[in-house]
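Novice: Put chain B on the given structure of chain A with help from the hints.
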Amino acid sequence: MTPVTPPGIHTPDWWGLTKSRLQGLRLPPARRDEIALELSEHLEDEFTLLLRTEPPDVAEQRAMQLLDERDALVREIHNAEQEDTVTYFVRLTLCGFATGVTAAVLIAAGFGLTGVTLLGLDAFARVDQVARSNEVLTPITFMVAGVWIMWLYSVMRARWAGGPRTAGLAAVAFVLLGAIVTLGWNAFLPVDIALASAAYAVPAWLLGTLAGARLYDLTERAPAPTLRES
Amino acid sequence: MIPATIKQGSAELVILSQLAGAPLHGYELARRIERESGGALKFTLASLYPLLYRMEQRGWVRGSWQSLPSGRKRRCYALTPKGRKQLTPMLQEWGAFFRALNKLAGVGRA
Numbered sequence: 001m002t003p004v005t006p007p008g009i010h011t012p013d014w015w016g017l018t019k020s021r022l023q024g025l026r027l028p029p030a031r032r033d034e035i036a037l038e039l040s041e042h043l044e045d046e047f048t049l050l051l052r053t054e055p056p057d058v059a060e061q062r063a064m065q066l067l068d069e070r071d072a073l074v075r076e077i078h079n080a081e082q083e084d085t086v087t088y089f090v091r092l093t094l095c096g097f098a099t100g101v102t103a104a105v106l107i108a109a110g111f112g113l114t115g116v117t118l119l120g121l122d123a124f125a126r127v128d129q130v131a132r133s134n135e136v137l138t139p140i141t142f143m144v145a146g147v148w149i150m151w152l153y154s155v156m157r158a159r160w161a162g163g164p165r166t167a168g169l170a171a172v173a174f175v176l177l178g179a180i181v182t183l184g185w186n187a188f189l190p191v192d193i194a195l196a197s198a199a200y201a202v203p204a205w206l207l208g209t210l211a212g213a214r215l216y217d218l219t220e221r222a223p224a225p226t227l228r229e230s
Numbered sequence: 231m232i233p234a235t236i237k238q239g240s241a242e243l244v245i246l247s248q249l250a251g252a253p254l255h256g257y258e259l260a261r262r263i264e265r266e267s268g269g270a271l272k273f274t275l276a277s278l279y280p281l282l283y284r285m286e287q288r289g290w291v292r293g294s295w296q297s298l299p300s301g302r303k304r305r306c307y308a309l310t311p312k313g314r315k316q317l318t319p320m321l322q323e324w325g326a327f328f329r330a331l332n333k334l335a336g337v338g339r340a
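Those protein sequence lines, which keep their order, are chains A and B.
The first sequence begins at 1 in the working numbering and counts up one residue at a time.
The second sequence begins at 231 in the working numbering and counts up one residue at a time.
Pulled out of the complex, with its shape left as it was, chain A reads as follows (with noise of 0.2 Å):
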């Protein structure tokens, strides 16, 4: 229930109060507002609040401590509010690197032990030419791939919760809109050797997202304990 603050009293300019606090807060200026619209209906609760037993200055002076922790307030709003931009991206990157090698390392492991050492199929030959002649596992290629499907998984993260069942599914869109995309391109090739390609692309491309999205999870940053007994 919120209180309401009983006619004929000053009410601070609780709103004003918090958002001169905030100043130091580098975020964009409609989210520096929402946040200290937030804190000052809660200053005005608690000013409201002490009113019923305390004179109106007593009251505007406690309530007023509550800002007093500015720099932690200040801080710690920073963090939690960073936490979705410059971390996000840089795990983003580091993640979606990791993918993109631990695929490739498992394509050129393929294609080096089963393809052409063991197999000795005409197909996989050709992939394993075709792979070392071209740039397709340039590993700047499988860098750019990788962060696009960690993106992909950051984002069904946010819908449903993460893990391997969402990083499989990532991965599998990711190699469906592949290939629908290079579907034409694909027309022109081989059917043995398209099939080759898949073969591998399909299982590296699994784990190696299996592994980045793992990475995701285990970096993303626990915060500090924040409960403090009287």
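Please keep in mind that the hints were generated in silico from the structure rather than gathered at the bench.
Keep in mind that a hint or two might mislead.
Pairs of lysine-lysine residues, derived as BS3-like cross-links and limited to a Cα-Cα distance of at most 27 Å, are as follows [to be verified]:
| id | chain 1 | residue 1 | chain 2 | residue 2 |
| --- | --- | --- | --- | --- |
| 1 | B | Lys303 | B | Lys333 |
| 2 | B | Lys303 | A | Lys19 |
| 3 | B | Lys303 | B | Lys272 |
| 4 | B | Lys272 | A | Lys19 |
| 5 | B | Lys272 | B | Lys312 |
Some chain B residues near chain A, calculated using beta-carbon distances under 8 Å [unchecked claim]:
| id | residue |
| --- | --- |
| 6 | Arg304 |
| 7 | Arg305 |
| 8 | Cys306 |
Have a look at the derived ranges for each label pair, beta carbon to beta carbon [said to hold, decoys possible]:
| id | chain 1 | residue 1 | chain 2 | residue 2 | range |
| --- | --- | --- | --- | --- | --- |
| 9 | B | Arg302 | A | Ile140 | 51 to 57 Å |
| 10 | B | Thr318 | A | Asp71 | 35 to 41 Å |
| 11 | A | Thr141 | B | Ser247 | 46 to 52 Å |
| 12 | B | Arg265 | A | Thr141 | 16 to 22 Å |
| 13 | B | Leu321 | A | Gln61 | 25 to 31 Å |
| 14 | B | Leu298 | A | Ile140 | 54 to 60 Å |
In this text, all values refer to a predicted model and were calculated from it rather than measured experimentally.
For each residue, glycine too, the CB sits at the ideal point set by N, CA and C.
Specialist: Structure of chain B alone, referenced to chain A:
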């Protein structure tokens, strides 16, 4: 095994468990926690709101503005399905933690 981050999750557990009952705005949430813990647990502005913002970014709670007849506005926080899913293992971890403490140090008899 008790996770190393169990202490860090204490504040999250308190908030999620309170919001599991009904949506609350920040002030009401802080008052309720203080009242129901007998004054033992207190949130400050600098601890409550940043944590709520983090939990909102993670999709555990959802804040929405509500206008009151008095003209004031409130930002009410409600638990999301993802937050509810998060709460269950937290309760289990804390239950295990207190059972272990009780067994080792007789905390329950203190």
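Novice: It remains to establish, for every hint, whether it holds in the given structure.
Specialist: Hint-by-hint comparison with the structure:
1. Lys303(B) x Lys333(B): violated (48 Å)
2. Lys303(B) x Lys19(A): Answer holds: lysine 303(B) to lysine 19(A) is near 16 Å, not above 27 Å.
3. Lys303(B) x Lys272(B): Since the Cα atoms of lysine 303(B) and lysine 272(B) sit roughly 24 Å apart, the hinted pair holds (cutoff 27 Å).
4. Lys272(B) x Lys19(A): Distance of about 24 Å is within 27 Å: holds.
5. Lys272(B) x Lys312(B): holds (26 Å)
6. Arg304: holds (7 Å)
7. Arg305: holds (5 Å)
8. Cys306: violated (11 Å)
9. Arg302(B) x Ile140(A): 51 to 57 Å: Since arginine 302(B) and isoleucine 140(A) have Cβ atoms about 54 Å apart, the given range 51 to 57 Å holds.
10. Thr318(B) x Asp71(A): 35 to 41 Å: holds (36 Å)
11. Thr141(A) x Ser247(B): 46 to 52 Å: This hint holds: roughly 47 Å between Cβ atoms.
12. Arg265(B) x Thr141(A): 16 to 22 Å: Since the Cβ atoms of arginine 265(B) and threonine 141(A) sit about 59 Å apart, the hinted range of 16 to 22 Å is violated.
13. Leu321(B) x Gln61(A): 25 to 31 Å: violated (40 Å)
14. Leu298(B) x Ile140(A): 54 to 60 Å: With a Cβ separation near 55 Å, leucine 298(B) and isoleucine 140(A) satisfy 54 to 60 Å, so the hint holds.
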